[in-house]
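Make the full structure from the sequences, and use the hints.
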Amino acid sequence: MKTTIKIFILSIIITTATTSCKKSFYNLVPYDGSPANGGISSDADLNVLANGMYAGLRSVNLYGRTLPVKGDLAADNVYLKNSNSGRYLAFRDFNETTADGSAAGVWDAAYSSIKDANQIINSNLASSPVVDELRGEAYAVRALMHFELVRNFATPYTVDQNAPGIPIVTSYNQSALPARNKVKEVYTQIINDLNQAYSLISLNQGQTITINTTSYIREMTSEFISKYAAKGLLAKVYMTMGDWNNAKTAALDVINNSGFSLVNAGNYVGFWANPAARTDKVETLFEVSSDAASNLSSDQLSAFYQQPPIGYGDLWITNDLYNQYAATDVRRNVILIGNSSGNTVYFNNKYSNTANPADKDDIKVLRYADVVLILAEAYANLNDETNAKIYLNDVAEARDPSFTGYTSSGAQLEADIINERRKELAFEGDRYWDLMRLNLPITNHVKTQNPYQALPITTTDVHRIFPIPQAETDVNPNITQNPGY
Amino acid sequence: MKRSFLFIMMLLPAMMVLAQRTITGKVIDENGNPIANASVTVKETQRGGTTDPSGNYSISVDRNARTLVFSFIGKANQEVIIGNKSVIDVTLKQQESVLEEVVLGYSSQVKPKVVSSVSTLKSKDVENRPYTSVDQELQGKVAGLQAPVATGQPGAFQSIRIRGIGSATAGADPLYVVDGIIINAGDLTGLTTTANALAGLNPNDIESISVLKDAQATSIYGSRGANGVIVITTKKGRAGKTKFNFDAEVGGNKLAKLPPAARYLNATEYIELLREGAVNAGYSQSDVDAIVDYYGGNNGINTDWLKVITRTGLQQDYNLSASGGDNKNQFYLSGGLFTQQATVVGSDFRRYSFRTNYKHVASDKLSFTVNLTGSNSIQHAPNNGGAFANPVGSLPFLRPTISPYNPDGSLNISTDINDTKAFNDGQYNPLYIAKYDRHSNNTTLIQATVGAEYAILKNLKFTSRFGIDYNQVDEIDFWNQFHGDGVGYGGLLQTNNNRIFNWINTNQFNYNAGFGPAKKIRLEAQAGYEVQKSKTYGVYQAGQGFPPTNQLYYGVNAATPVGASSFGSDYDFAALYSSATLSYQNKYVLSGSFRRDGSSRFSQNNLYGNFWSAGAAWNIDKERFFDNIHFVSGLKLRGSYGTTGNAAIGDYQWRPQIQYGVNYAGQPGGSFTVVGNLNLTWESTRQADIGLDASFFKDRLSLVFDAYRRVSNRLLFNNPLSATTGFLSFIDNVGKVENKGFELTLNGTPVRTKDFSWELNFNITHNKNTVLTLPNHNDIPVGGTAFRLSEGHDIQTYYVREWAGVDPANGDPLWWVDGTHTQKTNNYNIAQRQLLGSADPKYYGGLTSTITYKGIELATDFVFNYGNLIRDGWIFYAIDGAYPDLNRYAINLERWQKPGDITNVPKYVFGSGNNSNAFSTRFLYKGDFIRLRNLTVGYNLPAALLNKIKVSALRVYVRGTNLWTKTYDKNLTVDPEQGIQGQSNLNIYYTKSLTAGLNVTF
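As they're listed, the protein sequences go chains A and B. Residue 323 in this note's numbering sits at position 323 of the first sequence; the count goes up by one each step and never skips. Residue 730 in this note's numbering sits at position 245 of the second sequence; the count goes up by one each step and never skips.
Since the hints were derived computationally from the structure, they do not count as laboratory data. Beta carbons: idealized from backbone N, C-alpha and C, even for Gly. Accuracy of the hints is not assured; some may be wrong.
Stated by the list, open to error - Listed below are several chain B residues computed to face chain A (Cβ distance under 7 Å; list not exhaustive):
{"hint": "1", "residue": "Leu1092"}
{"hint": "2", "residue": "Pro1153"}
{"hint": "3", "residue": "Ser1156"}
As structure tokens, then:
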């Protein structure tokens, strides 16, 4: 009996000691991660990281909601209805503070995406068609994020290219506390990255490439950055800089060589209603995917526009914008008309898939119409009004079959182009940036529509650019704050 | 035992032949109850037998027999000279002068030999209270322990800090040990607003709670001891007559009184302010009228949302237990039902529990124990914070001109933008949501230990224990399709099912021996080995598109599955530990402990850590020179020093990781999302403690005083990074924080007569927290809070713009530009933030008074708190004109109206963008309070009466909790108890309960 017990005791001790004394006992591995260092060993790994990088762009702080909302709300296209869910009031009131969550959200999310892109760009995988393709797309994302940052947090290039821009980040360094690069340095970096992207990306929309390790066939849909999407972004960057020669060259490359076309008037409403990715080179150069499984749920942009009970319906269209559209303009067909306390009010219906269980609205980042209008504006600025009007009317007439075309010239032509951009790209987050690069006051910025109250924003309003977030200035002694914050 | 008894029976005939005789008799206790299985032995021969269930025995003795020894567990042995008696009846008395044992980690110890700082609560302190979990009962009861309530949600997580906050971002809650199992405490749910694993444990099953505070007590828990340890021991059976206990308590929960400034506007006031605001914003008269009309100024509705969302909640608690046994087998059995409805709609908790604790003594060397408890808790917890479905959010976020009902009495769920009574700005009808949305957490808890104890030698004992702690958490989150968050989905269901399995194996040797002359020196030592592993596995599902009924909220009814995933998280620890106490005649005591811990939570570069402590005690009262000092009945000086660690961080955090699940376009996506830290290790805390235990006038007055200093080093901290790296922070061991203070506990019995007695217990704690070092001596903002770490300041110091009042000339809000107070500004951005005030109280404690007159008792528990600032976390939306469509706090009525007005509330401007509502010292309030936490009036029925109905004790009582609270800031808009961080989050309101109860023992 005693011996049995002693053997029993001994066996307990030996069993537990041997199972747990080993170092491997402590080597528990996570269920949802792999080591950051050993995580990229094949083109398939790189492809997964590329997907993760694109998914980052869906953040509510980037294209998921904040960026497209700001581009219209801070300008004159939409306003917050009186009873709203309390979001983005600073875009309406121009009273941004350094503690504001929206500005910090953009800053944090954009740099997080830059980090994702840098992981791909700087991976030590040898060049191959797949690796080059993915690396090229990462260059484009890195450029796009720097572009959004420098537009949001720094003085426009057209106002002062020597002003403090934002820190350029091209590699991961955990202890980095970077100072701000000048605006022009940031634009140089963006251009270099987009040129790299253009030379590395081989696929046009609709083409495919096979991942070697898994034989997975990756299709270049509108949800990824194709060769000409990268070029189109370059055109947009040059436009933002007012570099019209280069803008023209880049836009012409897209128009002459990409095979893209504008959506025709008959398909316009269907184009917006359909949330699926495109491979037909119609209109969408690049959009950020949302689908049934991966979406922002109630934080989607569509929920912010769609009326209750499906969405919050916080943003309504200003009468000023609505009145720009001719009765025959198909773009009016994505605007819904409602009634609030006896007033006619207008709702955007470009994003209508909040409640669609099968798919959600993708957010357009670059459309072909945008590139065509960039070309028109470039020609106008280069004093080639004939060509300017050709491209301007391409868009205007595609949207309004009864329209006979612009015939203006000089300053009026340029104003017409800007107004056409406003009508074409409304609710896609673009308008504010036209007013910024042209350094125009926002005279029709609406604080409340019913009763109507405007809050005109002058060109000297310090709140036109975001503050550097408090969290950044708290931790990074090398960063300087924007004036007025 | 049985074998020897049979042996005697077989020998009986032979003994008869040897002219032996039989002695019979009965063994009873002091109350006259028979004692079964008491042992009756002949002292000279060591032979004997046991009593039968009626307490009778019969034993044969030979002529050598002189003395009979009667013994029974818990009773004093009694020896009777046989002489020529043939009938010997015996009354066994309760064993006296047994020194009370204090449960420590891995051992227990008699009071004189305790060198550490330990506070103990007994079952009577925690049972039959209207709290869902035992950790909610500790506030004000234990010096050095701070447990402010954060929410009135039943079953909510309760934060506890012992001797201040020793960690910046790692967990600062104590370690919980139940019957030797280090359990997974805290909130184990994934979708639930707040939940508490300890709520699965029935407080009525608890025998004692030891709160281990200083390093001498906690260092034996090594890398997890730094935040203090709460050791819970459950009730065990005792040999003797089987005892039954029945407890019942029934009552109601009502809204605890809110501070006066927490009132919101009624419709008339709201409209008055709205009109004034619109005029101030410069609108024309017709526009002002339109605005007033738009927000319901003419719809005649006046809804008091507080009344709409609150109710009287039902409170019930029933417990039935049986305990007893004999010398070989002892048991405790119990079953309990506890239900609590909060005062806010949709919030409740219900628990069924049982417990079996069993011990079998196989021989004088070997015994076994089994402790088993199981419980099922169902909790309904509505959203909190800014969620549109938060019922408490109705108050700030719904105008009084919106109606919860339609004219026909049905629930109003209109979102029509043309209907001024409709819910068209996000917030939903809380009554509809409470009725048709579902936020349920169904947790099944099983805790079990199987243990064996074997005496290898007389002085050496081996104990092995295997325990499991298993939580199965099943959560349902359903948003109905007709109103609220679920409309856009046609109804959305999310389910989360977590299984958290935690096992622990402890093997320990205990050595106990005397040395020296007359063995006056005693050594008690423990050494052991412990392994623990906890595995979490969970499954999440989501589906949308439900049939048009509100009854079918299971996934099988969903048209489209929209989410499915499974996940897990594991950790393990292994340790060698030992402790030893060397004592001389209970007068001088030396004690020390050592633990070597390893854990998966720490990087492979830093796997193991050593923790130790040393302490000493001097029982001065046992010195000769003290014999003549009669008014002092006890005096002990203690001191200890040692190290502990804190490992309360997430699993795997040290590993730099690419994480998956960031999918895109239907393909898997991954991203480098965890920075990791290849040198990550535990926080290391060193603590010194000096204590004095004294008692006077035959223990009529006693005091316990402790002064401590604990310094936590290598803080586990989310060290902020420049966001340009792509990360906001990484986990790091940085900085040093100090907590020092004192604790004083006084127990007194000012009056004690035959019929009347008055007992008072008072405790007070002073703690001063100071951040000593930070990396590069730079201040560090604490993410998600308004706190900022700065050397020389408290760890919860607010970094905030300083409010400078309202400009009497124009009603503008003003802030001080900086701390010099030389310049005011009406531009929020220009005002600089300063380190001002802390959320940590300077003093806190409690006072308990119990007055007994004959059978009547009156007990009161007060708790108090002094010296902290608390923050209304949502006042941003509820004050001034920035959100004129939402309701306002009534203090807005004191707004500036005309030049010369002196007030603290700015001019009310409709849609104002002047940031007057943004966070500043204007919204920090004094958190000082005194609260009557508990008031009980009870009556114990007299024994004479009870004997007739065969009941040994019967008590009836009525109890009120939270009946009275005194606060000290007239601007306070929330309850003064707002958790450790002192920030309100539109949580379920606190409860004031009134209950009546019955305790019967038979």
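- Message: Hints numbered earlier in the text: which of these fail when held up against the supplied structure?
- Response: none
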